[in-house]
Amino acid sequence: MATAKKAAEQSNLPFAYTQYSHEQLRDVLRKMYLIRRFEEGAEDSYMRGLIHGTMHLSIGQEASAMGICMPLTDEDQITSTHRGHGHSIAKGADVKKMFAEFFGKTTGYCKGRGGSMHIADVSKGNLGANGIVAGGIPIAVGAALSAKRLGNGKVVVSFFGDGANNEGAFHESLNMASIWKLPVIFVCENNGYGMSTSTARSTAVANIADRAAAYSMPGVIVDGNNFSEVAEASHAAIERARAGEGPTLIESKTYRYRGHSKSDRNRYRTKEEIEDWMTNRDPITLFETELKEFGVIDDKGIEAIREDVAREIAEGIEFAKEGPMPEISDLAQFVYTEEVA
Amino acid sequence: MDAAVRELSYSQAIQEAMAIAMEADERVILMGEDIGVYGGAFQVTGDLVERFGPDRVMDTPISELGGAGVAVGAAVTGLRPIFEFQFSDFATLGMEQIVNQAAKMRFMLGGEVSVPVVMRFPAGSGTGAAAQHSQSLEAWLAHVPGLKVIQPATPHDVKGMLLAAVADPDPVMIFEHKLLYKMKGPVPEGHYTVPIGKAEVRREGRDLTIVATSIMVHKALEAAETLAGEGIDIEVIDLRTIRPIDRETVIESVKKTSRLMCVYEAVKTLGIGAEISAMIAESEAFDYLDAPIVRLGGAETPIPYNPELEKAAVPQVPGIVAAARDLAKGVR
Ligand SMILES: Cc1ncc(C[n+]2csc(CCOP(=O)(O)OP(=O)(O)O)c2C)c(N)n1
Ligand SMILES: [Mg+2]
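Keeping their order, the protein sequence lines are chains H and V.
Position 224 of the first sequence, counting from 1, maps to 224 under our numbering, and the rest follow consecutively.
Position 306 of the second sequence, counting from 1, maps to 306 under our numbering, and the rest follow consecutively.
Just so you know, these hints were derived from the structure itself, not from any lab.
Computed from a prediction, not measured in an experiment: that's the story for all the values here.
Here a beta-carbon is modelled for each residue, glycine too, at the ideal position from N, C-alpha and C.
It is possible that some hints are incorrect.
What the hints assert, rightly or not - Coverage of chain V stretches by chain H, computed from C-beta distances (three or more under 8 Å per stretch; other residues unrestricted):
hint: 1; stretch: 63 to 76
hint: 2; stretch: 120 to 131
hint: 3; stretch: 296 to 303
What the hints assert, rightly or not - As a list, the in silico PhoX-like pairs of lysine-lysine whose alpha-carbon atoms are at most 20 Å apart:
hint: 4; chain 1: H; residue 1: Lys124; chain 2: H; residue 2: Lys111
hint: 5; chain 1: H; residue 1: Lys181; chain 2: H; residue 2: Lys154
hint: 6; chain 1: V; residue 1: Lys182; chain 2: V; residue 2: Lys268
hint: 7; chain 1: H; residue 1: Lys262; chain 2: V; residue 2: Lys198
hint: 8; chain 1: V; residue 1: Lys198; chain 2: H; residue 2: Lys111
hint: 9; chain 1: H; residue 1: Lys321; chain 2: H; residue 2: Lys111
As the list claims (entries may be wrong) - Sample of chain V residues lacking proximity to chain H, with all beta carbon distances greater than 10 Å (derived):
hint: 10; residue: Arg6
hint: 11; residue: Ile29
hint: 12; residue: Tyr38
hint: 13; residue: Leu48
hint: 14; residue: Asn100
hint: 15; residue: Met108
hint: 16; residue: Thr193
hint: 17; residue: Glu204
hint: 18; residue: Pro244
hint: 19; residue: Asp246
hint: 20; residue: Thr249
hint: 21; residue: Ser258
hint: 22; residue: Glu308
Starting from the given sequences, assemble the full structure and let the hints guide the process.
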């Protein structure tokens, strides 16, 4: 690795192209497509009334999820947010079981009890999305405390949005992670808005990463739509965490294309702003262009990925439709570990 | 009632009440997450920001503890804030300021201050929003002396009770069931109040008293109509306020019907039904009871995402009908 890195530095290649094989890079593209098509599929199913409740789509933020998760092992853990489909897939979840969860089936990751907002895959280290803004941040710090005490070498990533940086839980968590030098990486996916409120209106600092100084940890800003840049920051933070040097705050600047949730009049931002991000800064398009430029893939290869992803999504939806609904008599199942009268 | 009375939805009625309060009193301000241009998560504040400006319709950052505390501090010092929690579930984040500060400040300071803050909590299940966005936590707050806790069930009442809350010198917590927001009903124009602490008999009957709160009032009325067809005559009381409880109305009704059932959406155990039952057991109405009291409340589980499980987790009309029939006929 180290020699590859050196060679790359000389050749001026972006980080990811020195770190990952072509096969790995093609798989990153595939997964970015998988995230996007999964969310489009979920949105479509929602419109048709196959899914109830609400959902928050991360379309436009795929590079951030993939860049952060790429250096993580299956043993490493994450906590996620209400906008957590991308994190889940990037951490290795099977879209079949995600769709099944959205359809409320027992074959879903949460056996139909959680839905979109609580999607989790504990087997792959995803400790769960969260309905409470900033709710997952202290939990990640707790998981990092376990990792340190148990000496198991795990690192933990806590994903959260820009809006979460104004909750007390955020500040308390960063402080504790820092004083105890815990192996946790705080990843703020700054998409410019917490629901309708821009960071300029909600937050007293220009960059969320500026908050890091108050808690004596590095604060790193990356272009969240550039896979390689995100991955590079993630690698550095994970290395620091594994070395016992403590936490890092990464601010990944990105954008969500869709409204906040199912209903959103987009009154707080302009059409031009949305279109600008979609046409000029789309993370998948940018990555594809780069991959082609560096000879990692050609148009045929991209087409093959798209087709393969479309098949996987279609199969996932079929799997979800076929699964059984929970029994009403099982209403109180999972409330306690052992049944309580 | 006046034939010219218009129909408004529950959320429009809240909005109108807030507008009237703001017109009448410069000190009234609204605070909450996304209540400005977004209009509130449930569009309750709607376009009020256009009318009153962002200095009086204030978007807060996502900071429930701080936001609630700022509202409390402002209330103590001359403003009349109406603070919206985006979902009642987030009361958990604001709890410190509500329970330790707002509820106790007047008492601890020997009556030197009062805390005229109003807090609004969109509550309840039925929207598929799962375990952290569907709770009914009103009994938590009703357990705290110093707070007043109301659950208006109709557009008429929510307007009048909100205006009463704004005029009230003490902290008033309003729990608004999210499924009521679209419900329409007659709402008089202009300023009026509906008293806090007063229940309303929604339907008179001889055979059985149902004490219900919030959306369960409507379900209980529907059940009562069904059972009327079977010759069972049910009295339905809309409790409206859960702290302080209108003891008299409930006790008088039970003395008349000799049978009591409580219906509420919050988890059954240790909830408002327990309080009403104990209140009757402690009162002169106890001697009038012809059958054990029945409580219908939420299941002992968080609210599940799956729609069928979600429905099964809270009382529904068929269940109320069956339980009321059994109770009225003495079958247990
Ligand atoms: C404690 C809490 N407050 C408010 C909400 C309602 N809410 C859900 S998401 C959201 C905006 C979050 O913004 P951000 O953290 O930037 O994440 P994004 O939605 O942009 O991904 C709000 C206000 C909530 N779920 N939890
Ligand atoms: Mg955001």
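Query raised in the report: Which numbered hints does this structure break?
Result: 6, 7, 8, 12, 22
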